[in-house]
Amino acid sequence: MTNILDDYALMSPLRHRNNWLKLVIVLFGLLVGVSSTSPITPLFIALCMSFTTVAFGRAPLKLYLKLLLAPVGFALTGVVIIAFFSGSGQALLSFNLAGYPFSVRVDGLELALLVLSRSLSGMCCLYFLSLTTPMIELFAVFKATGLPESLIELSMLIYRYIFVFLDMALSIKYAQTVRLGYSNFRRSLSSIGMLGSTLFIRSWEQGDKLFLAMNSRCYDGKMTLFEVHRPVRAIELLLTSVYFLSALALFYFTKNISIL
Amino acid sequence: MHIMEGFLPSPWWQAWFAVSIPVIMYGIYKMNRLVKEKREILPLLAVAGAFIFVLSSLKLPSVTGSCSHPTGTGVAAIIFGPAISAVLGIIVLLYQALFLAHGGLTTLGANVFSMGIVGPVVAYLVYKAGMKANINFYAVVFLATAFGDWATYVTTSVELALAYPAGGVLTFAGFMSSFGKFAVVFAVTQVPLAIMEGAVSALLFKYVVNVKSDILIEMKVIEASIVKKLRGISA
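Sequence lines, in order, name chains A and B. Taking the numbering used here, the leading residue of the first sequence gets 372, the next gets one more, and so forth. Taking the numbering used here, the leading residue of the second sequence gets 255, the next gets one more, and so forth.
Looking at chain A on its own, in the form it has when it is part of the complex (with noise of 0.2 Å):
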């Protein structure tokens, strides 16, 4: 809760590249590995994509880890029920368990691990523009691509406010901490109650605040932002298009293959 990624987005060398081009190899990684029918490709896809953003993208290789971890828990339910669940041939291993017979079949296993690989690669992808795109350079983006004004004048409001709650809800936790709100399971859910209807009627009056602010300094529903022109270097060219290239040829050549 602490550490957002966007704080390692705005150290991260990559941040001073061309959006652009970064989008659309986060786009790309996401299609195609959620299109892939086996679990090489997007292995392929999450292996280069971890390796620019801790390589070339500085981000801490601890961090990192910790991050891909994070998702874990949901991703292992999910794949298991569909191991167990989603097969109809015939049965790797089977047992009765309280009287009911289990058993996973090798087109439900191959079904889980080609989830499994898809969500590891999209994961990867997703990092990889988190890790290296600060949001305030996305915004610039968002307007280039014609999404509706208000709707990104919100986001920006939203992000903008997200960092001051964030830091009021920490310091409101802690105060509770010490005064040891969290001792037992009541105290807790009274706490977090308190911490809760505290934050909502700050954030309100804190609201008012802005509009005021925001009114005395001529807002008229637009914030206009500045975009810095970054043109895309040939070496980055060359290194997306060899990555693009082979991702695709794996894509077709992998995409018959079963590897149970």
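A few of these clues could be false.
Unchecked claim - In silico DMTMM-like links for lysine to aspartate or glutamate, alpha-carbon gap of 25 Å or less: (1) B:K292 x B:E472; (2) B:K292 x A:E520; (3) B:K292 x A:E598.
As the list claims (entries may be wrong) - Residues on chain B that point at chain A, a partial pick, calculated with CB under 10 Å: (4) E259; (5) L299; (6) L342; (7) F426; (8) A427; (9) S455; (10) I480; (11) L484.
I should point out that these hints are in silico values taken from the structure, not numbers from a laboratory. Note that beta-carbon positions come from the ideal geometry of N, C-alpha and C, so glycine has one too.
Keeping the supplied structure of chain A fixed, place chain B upon it in accordance with the hints.
Chain B alone, transformed into the frame defined by chain A:
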């Protein structure tokens, strides 16, 4: 209940985007109209969005020991109504995907549908029905949030079961069997979590009513007479 990046296969993630986008457009349209009418509402919406994000990144005290976060959308639906909650929901979910790695970009459509649309709509309906039936305000908040959370979790199970039906091919029986499995496994964490979040939301509204009830009256969440009655009881 965020569905992870890459978890939904190809026709399904596009399908959920196709379902969610019209609702979001409608929400934006409604929001634009509201902002034109009352200009001071935009900063309020912004802080409300940030509030939802921060609330959803707090850890709830949990019985089962698993990592559990409130969704915060129940509170938003009660205060702003479901259409605007959907717009706030998509922004908050995008930030959660990028900053906290909860959810993902291709699964954003499915997540918005379960957490930003179905959950708030159910919470709002329960809330309206409860207020009409003249039940105690805090009890109504509790019920609305809990049912909103349960609706979210059932929708997530439906989304997963549609993508991964039992037997590999989408048939009604396969869907039902797979849906049952997902629902049972997620129920372990989601059922107590929804009750917890309901309790926390009710407490949250209790403190707000006691300290600064004029906000709620101004937003037409509750009427002044009810606040008077509630304060008479709790004071």
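Of the numbered hints stated previously, which ones are contradicted by the structure, given in increasing order?
-> 3, 7, 8, 10 and 11
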